[in-house]
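Put chains V, Z and R on the given structure of chain B with help from the hints.
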Amino acid sequence: MNKVVKDVEQALEGVESGMTLMLGGFGLCGIPENSIAQLVKMGVSDLTCISNNAGVDDFGLGLLLQGKQIKKMISSYVGENDEFERQMLSGELEVDLIPQGSLAERCRAGGAGVPAFFTPAGFGTEIAEGKEVREYNGKPHILESALTADFAIVKAWKGDTEGNLIYKATARNFNPLMAMAGKITIAEVEELVPAGELDPNFIHTPGIFVQRIFQGEKFEKRIEQRTVRPKE
Amino acid sequence: MNKVVKDVEQALEGVESGMTLMLGGFGLCGIPENSIAQLVKMGVSDLTCISNNAGVDDFGLGLLLQGKQIKKMISSYVGENDEFERQMLSGELEVDLIPQGSLAERCRAGGAGVPAFFTPAGFGTEIAEGKEVREYNGKPHILESALTADFAIVKAWKGDTEGNLIYKATARNFNPLMAMAGKITIAEVEELVPAGELDPNFIHTPGIFVQRIFQGEKFEKRIEQRTVRPKE
Amino acid sequence: MALDKNGIAKRIAQELRDGYYVNLGIGIPTLVANYIPEGIEVEFQSENGILGMGPFPFEGEEDADLINAGKQTITARNGAVFFDSATSFAMIRGQHVQLTVLGAMEVAQNGDIANWKIPGKMVKGMGGAMDLVASADNIIVAMMHTNRAGESKLLKECTLPLTGVNCVSKVVTNLAVLEIRDNQFHLVERAPGVSVEEIQAATSGDLVIPDHVPEMNLD
Amino acid sequence: MALDKNGIAKRIAQELRDGYYVNLGIGIPTLVANYIPEGIEVEFQSENGILGMGPFPFEGEEDADLINAGKQTITARNGAVFFDSATSFAMIRGQHVQLTVLGAMEVAQNGDIANWKIPGKMVKGMGGAMDLVASADNIIVAMMHTNRAGESKLLKECTLPLTGVNCVSKVVTNLAVLEIRDNQFHLVERAPGVSVEEIQAATSGDLVIPDHVPEMNLD
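From first to last, the protein sequence lines stand for chains B, V, Z and R.
If you use the numbering used here, the first sequence corresponds to residues 1 to 232, in order.
If you use the numbering used here, the second sequence corresponds to residues 233 to 464, in order.
If you use the numbering used here, the third sequence corresponds to residues 465 to 683, in order.
If you use the numbering used here, the fourth sequence corresponds to residues 684 to 902, in order.
A short list of chain B residues far from chain Z (calculated; beta carbon distances all over 12 Å): (1) Lys6; (2) Glu9; (3) Met42; (4) Met88; (5) Gly138; (6) Lys139; (7) Glu220; (8) Arg229.
Some chain Z residues near chain V, calculated using beta-carbon distances under 8 Å: (9) Ile514; (10) Lys588; (11) Gly589.
Since the hints were derived computationally from the structure, they do not count as laboratory data.
Since the model is a prediction, treat every value here as computed from it, not as a measurement.
The C-beta atom is built at its ideal place from N, Cα and C for all residues, glycine as well.
With the rest of the complex left out, here is chain B (with noise of 0.2 Å):
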């Protein structure tokens, strides 16, 4: 099952203003860079974003809030970004703030048919506030329903042909979980092999959750908090 498209213009071919994106990452880590410049390029806007972090000014999904295309982002941390900020504060951009494990398992929800889930998450706070509460083993809990959208767009390490695909390190996070929860999933890839190259046994994220994969032309893969220790 072949699902190679030829370049990003192509994957990204259908996604219009005003739909509802899932983009992978967490901070710059993992994000579809090829992607979210491609987004840049098509102009489209009014999109509905949901993305663990907003990027920074110059980079990530900063790029799409500087030419104002986001219309609300749904997020769990939104640091970093001046211009998100300015916006936010303005009224321009519309926010919803979810706890992050929320935001990870409304995902996984998604995309696993699951309309709905009990999480301890958020009880007392803000979050919570017209959410059905429930109490188990003598905690509350708060309903919080399934994220879908139109199209997620993830970032992957290694893909093959069929569309399976393997992360590395912690550029794992929201990608595979967002790579099943898209009525048509994008992946981006640093490398495209064959399919029978991976070993079935260990892919992250199957193929069948994705519908069009192809090799990102460049990854800058920035760096957002440089730590390191003198050599001894």
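Using the frame of chain B, we list chains V, Z and R on its own:
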């Protein structure tokens, strides 16, 4: 964090009559053979066993059924076992049948601290009796609750001293989910290696879920349905 | 002439479309894999944890760790993937599998299906069937039109405990292809040489018969 | 003398027990990893997807794909594991992590914590904090006893939007170690040279002071 115990005796210390156990495997594929043999030897009884299947007459959980050590089975499919049938029809054995996907998800939920979730499986059937029904996306769903166990006993292909596990092929099945859901999780492995030998990128069960690990003495790995084609 | 099991499988294989992920149940459905139309690529999922199931292994090459949901030894194709049971049913429940083919004891004209339990007799359990029928949009039932006692298995209402409700979209039997909609069975095709009257006689539920009912083309 | 950040971290490190899996928040909590008592083995989880976090990489060996939840480049120890965010929070929500250390803007005497939002100012989001505090049985807050304006951060009730309710079991500040139970702060230890009166003066919530309050032992 060394999780290694000397042998199967030490691994199963603390398992007592009346407890709830989860046992990995699908059919006879990926079952914890050594631990089951030890449970027979220990003679613990009145067990509630959560396992997708109940083994065959003379292997797998069938061995515990022979000794009438099981009070209740929670499974999705229990064919292939005459002694099971006899005990169930005579009322000696309680049986709780659960759709396979709900069983898997309920184990994962138990491990993940999600006390309940909605699923469409079983709506309109006797499985849904007494369960809350709610409509999502125009489709009725029923509320299912998490499963946990006093001990989860799983079988892996390789494991390291920190309890990190990898499974082989379809012997993975319920093992990683049950590993998450045990108050104490015991892993028997075909090959025990030092920490650092398994690639951190390709661990199926992170060691945090495993409390005890040992290398099984012998694995028979019986095949239930040997289907082959002649060599051309 | 009524079809045999392989004939039913062959007819169902015509429902496969290029790019489908397919879950085949135990029994007749398994045989569908032998009749994939040329020029079409499909991928088989087995709910115990494999996508990209291949044929049975050559003699002597069986691997106890590599089986399908029927517990048969199998092989894995190039590009196959193994996964755990929760991920497997995430694929099924999340509707990532485009076609589910399974057997049945009874099908009702509203799409209800019963295939897991005969009260008073041995109960083997539903396995993954309840998840499959509750989740899939496209469910084809493969079965004989009547049971061993000669009674119709296509009913106004199921008499056996249900596996799922309003879920079957198509039934392929040894006698006919039928679609289920508007709370009726719609006769779509006849098995070669089988008359509309035979099908009508073997169908206990309401049957809509169009003016022209073509024979199946099984070549 | 009041402790500095490293002193707070050092004191909290005494709460580590052999075999603990520990999640350390950003800021002071991160420093706890530098003071693991001898003879004790603990494993650090970072919620972005690593268990077995090691020290910062040597200069030139940074890997953009290997960071912690604070987005800092890190290394992985022998026996480390990488996983996705859902699995990560399965560990946290499922109470597989034995100790959580995090910072706070306010802590109330009933164990409520506020650390994610100041209305009217920039809202950065709660990240994983709400999941962590709602799930963990053993939560230690690491913070300064008072804010920059000199106001107590240990209150009868939080004034800022809550991150979680009834969840903090212990607070370690630059002045003291306090336990929270029976809806009160219980003074357990003083920072070296800090008087009970100073602590009382800096604590706005109800403070239970036993007859003898030992000094912390930070050697």
